[in-house]
Amino acid sequence: METNFVHHQSAHCENGVASNLLKQQGINISEPMVFGIGSGIFFFYLPLLKVNHAPAISYRPMPGFIFNRAAKRLGIRIKRVKFSSKKNAQIALEENLRNNIPTGLQVGVYHLTYFPDEYRFHFNAHNLVVYGKKGNTFLISDPVMETVTTLTEVELEKVRFAKGALAPKGQMYFPIHIPEKIDWELAIKKGIKNTCRDMLAPMPIIGVKGIRYVAKSIPKWADKRGTKVANHYLAQMVRMQEEIGTGGGGFRFIYAAFLQEASAVLKNDTLYALSKEMTLIGDLWRDFAVNASRVYKNRSNQTDVYNSLSKELLHIADLEENFYKALKKAI
Amino acid sequence: MKKEEVPQDKGNLSKNNIKELCYAIDENGNYTTALSSGWEPKTIALQNSLQDINERIENAKEEIRKGVSSPIVYFMEVNKMDWVTLSDYVGMWIWRIKRHRKPAVFKRLSHKVLSRYAEAFEISVEELKNFKSE
Chain A
0 METNFVHHQS AHCENGVASN LLKQQGINIS EPMVFGIGSG IFFFYLPLLK
50 VNHAPAISYR PMPGFIFNRA AKRLGIRIKR VKFSSKKNAQ IALEENLRNN
100 IPTGLQVGVY HLTYFPDEYR FHFNAHNLVV YGKKGNTFLI SDPVMETVTT
150 LTEVELEKVR FAKGALAPKG QMYFPIHIPE KIDWELAIKK GIKNTCRDML
200 APMPIIGVKG IRYVAKSIPK WADKRGTKVA NHYLAQMVRM QEEIGTGGGG
250 FRFIYAAFLQ EASAVLKNDT LYALSKEMTL IGDLWRDFAV NASRVYKNRS
300 NQTDVYNSLS KELLHIADLE ENFYKALKKA I
Chain B
0 MKKEEVPQDK GNLSKNNIKE LCYAIDENGN YTTALSSGWE PKTIALQNSL
50 QDINERIENA KEEIRKGVSS PIVYFMEVNK MDWVTLSDYV GMWIWRIKRH
100 RKPAVFKRLS HKVLSRYAEA FEISVEELKN FKSE
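Residue numbers (numbering that gives the first Met the number 0), protein chains in the order written: chain A, 0 to 330; chain B, 0 to 133.
Treat each hint with caution, since some may be false.
[To be verified] Derived pair list, reagent style BS3-like, types lysine-lysine, alpha-carbon separation capped at 27 angstroms:
#, chain 1, residue 1, chain 2, residue 2
1, B, LYS9, A, LYS85
2, A, LYS49, B, LYS79
3, B, LYS9, A, LYS296
4, B, LYS111, A, LYS86
5, A, LYS132, B, LYS9
6, A, LYS85, B, LYS79
[Unchecked claim] A few chain B residues that face chain A, going by a derived Cβ cut-off under 8 angstroms, partial list only:
#, residue
7, ASN11
8, GLU19
9, LEU20
10, TYR22
11, GLU26
12, TRP38
13, LEU49
14, VAL77
15, LYS79
16, THR84
17, MET91
Hints listed in this document are in silico derivations from the structure and should not be mistaken for laboratory results. Please read all numbers here as calculations on a predicted model, not as lab measurements. Every residue gets a Cβ at the ideal spot worked out from N, C-alpha and C, and that includes glycine.
Based on the provided sequences and hints, a complete structural model is requested.
The following block contains the structure:
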């Protein structure tokens with residue numbers, strides 16, 4: 000059995016699955032649009048929570064938030080189901096495929112056989128679409144891959160029931176209600192307002208303030224824990240910012256693409272200008288990644304390099320603060 | 000980022016013939032997408048993480064040699080796990096599995112408990128029990 004589903008490659012898995020599933024339902028929505036309406040830009044820094052032996056830094060909200068918020072704002076209803084039984088999880092998925100419903104799944108990356116070894120970490124918030132089954136092989140559309148791929152029953156069960164933080168518990172999801180008319184303007188405005196509120200939140204670990212907190216912590220990492228640990232933390236940060244899925248510059252370029260699209264829908268020229276500004280900010284994030292990678296490659300021991308990285312990040316935070324304030328006023 | 004600036008460095012992705020999608024602007028300043036084969040700063044960052052894991056594996060081996068740790072620590076690192084992840088895979092509390100890293104406690108573990116570890120590490124109970132760090 001095979002559903003009529005078209006695979007499009009995307010930068011980020013969650014937006015990609017959302018955009019692909021909605022396109023199949025006849026809603027022409029791009030990846031940046033899902034990202035923007037779902038308020039995908041975010042930043043948090045949790046110094047005490049360690050991920051891969053480094054403090055947790057994230058450039059995005061919790062998994063599932065983007066699609067849920069985007070769907071709510073567009074008036075689309077999505078059904079999400081988790082399973083305690085592996086057998087029932089497979090039966091429900093096959094039932095969906097028989098009814099011609101391509102289905103989104105939350106999976107763990109570690110056991111994904113088609114991923115390069117270097118990328119297989121215990122990260123459980125990856126998303127993909129199952130669009131059919133031939134024999135005992137499931138047909139898979141993983142939005143970060145160029146083309147479609149396959150997984151056997153056993154392999155799929157393993158990734159659906161990966162364990163650890165954010166365990167997917169077999170979660171599957173699919174749209175069940177599409178409104179006849181979508182109010183794009185309202186949805187875009189809601190998405191932008193939410194993003195400005197998050198990024199300008201008066202909390203030290205969130206948004207622009209969170210970026211400043213990290214900036215100020217960088218020299219302290221080196222002082223208190225030594226250059227080796229500081230370099231490991233920086234490497235982890237760069238990976239969160241640039242690894243497959245962010246579209247580069249910690250999602251800034253996807254967001255700039257969204258603003259450009261939004262300016263056409265809302266007929267608002269300010270948004271077009273702000274899109275350009277966001278592109279420049281994204282370029283600065285890329286520069287930060289380049290400079291950080293130089294630090295941990297040369298293993299330079301001066302505290303100065305950490306101070307200059309810190310300054311660079313503080314500069315980005317200042318620019319972003321002004322940016323979100325302007326964005327708030329623009330709509 | 001301009002479309003012609005989308006990096007095409009060799010790295011972990013190009014080695015496996017995978018390209019990732021990036022967003023960039025074209026000559027008219029409009030957003031479009033472009034495929035990237037990799038970017039050096041990312042490759043270095045990933046290499047740094049993998050090196051960190053390798054150091055942990057070597058450490059674990061050293062500890063087993065000295066008789067301070069049980070093989071559980073070694074296989075945990077080889078599988079890129081931490082205590083939280085391992086605890087979830089074997090279905091035991093963290094304080095309990097942390098006890099199992101003591102060689103004396105490990106030696107007394109029942110076949111049933113060992114098989115849970117073996118399943119999580121995708122090896123046989125014999126391999127786990129007889130692991131020798133050389």
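Status of the hints after comparison with the structure:
Annotation: proposed proximity of LYS9 (chain B) to LYS85 (chain A) is violated, straight-line Cα distance about 40 angstroms (limit 27 angstroms). Between LYS49 (chain A) and LYS79 (chain B), the direct Cα distance comes to roughly 14 angstroms. Compliance with the 27 angstroms bound is thereby established for this hinted pair. Simply put, LYS9 (chain B) and LYS296 (chain A) have alpha-carbon atoms about 17 angstroms apart, close enough for the 27 angstroms limit, and the pair holds. At roughly 24 angstroms between alpha-carbon atoms, LYS111 (chain B) and LYS86 (chain A) fall within 27 angstroms of each other, so this suggested pair holds.
For the hint pairing LYS132 (chain A) with LYS9 (chain B), the CA-to-CA distance comes to about 35 angstroms; that exceeds 27 angstroms, so the pair is violated. At most 27 angstroms may separate the alpha-carbon atoms for a hinted pair to count; LYS85 (chain A) and LYS79 (chain B) meet this at roughly 24 angstroms. A cut of 8 angstroms between beta carbons decides the hint on ASN11 (chain B): the least distance to chain A is about 4 angstroms, and the hint holds. A distance limit of 8 angstroms between C-beta atoms decides the matter here; for GLU19 (chain B) the minimum to chain A is near 5 angstroms, and the interface restraint holds.
Contact between LEU20 (chain B) and chain A, as hinted, is supported at the beta carbon level, the nearest pair being about 5 angstroms apart and thus within 8 angstroms. Here the hint on TYR22 (chain B) is kept, as its CB sits about 4 angstroms from the closest CB of chain A, short of 8 angstroms. At a threshold of 8 angstroms, the smallest CB-CB gap from GLU26 (chain B) to chain A is about 14 angstroms, leaving the interface hint violated. For TRP38 (chain B), the interface hint holds, since its Cβ comes within 8 angstroms of a Cβ in chain A; the closest pair sits about 7 angstroms apart.
Residue-level restraint check for LEU49 (chain B) holds (minimum Cβ-Cβ distance to chain A is 6 angstroms; threshold 8 angstroms). This hint is violated: VAL77 (chain B) has a C-beta 12 angstroms from the nearest C-beta of chain A, more than the 8 angstroms allowed. For LYS79 (chain B), the suggested interface contact is upheld, since its CB lies about 6 angstroms from the closest CB of chain A, less than 8 angstroms. The beta carbon of THR84 (chain B) is positioned within 8 angstroms of a beta carbon in chain A (closest approach about 4 angstroms), and the interface hint is therefore held.
The criterion of a C-beta within 8 angstroms of any C-beta in chain A is not met by MET91 (chain B), whose closest approach is roughly 12 angstroms, and the hint is violated.
Of the hints listed earlier, those the structure fails to meet are numbers 1, 5, 11, 14, 17, in rising order.
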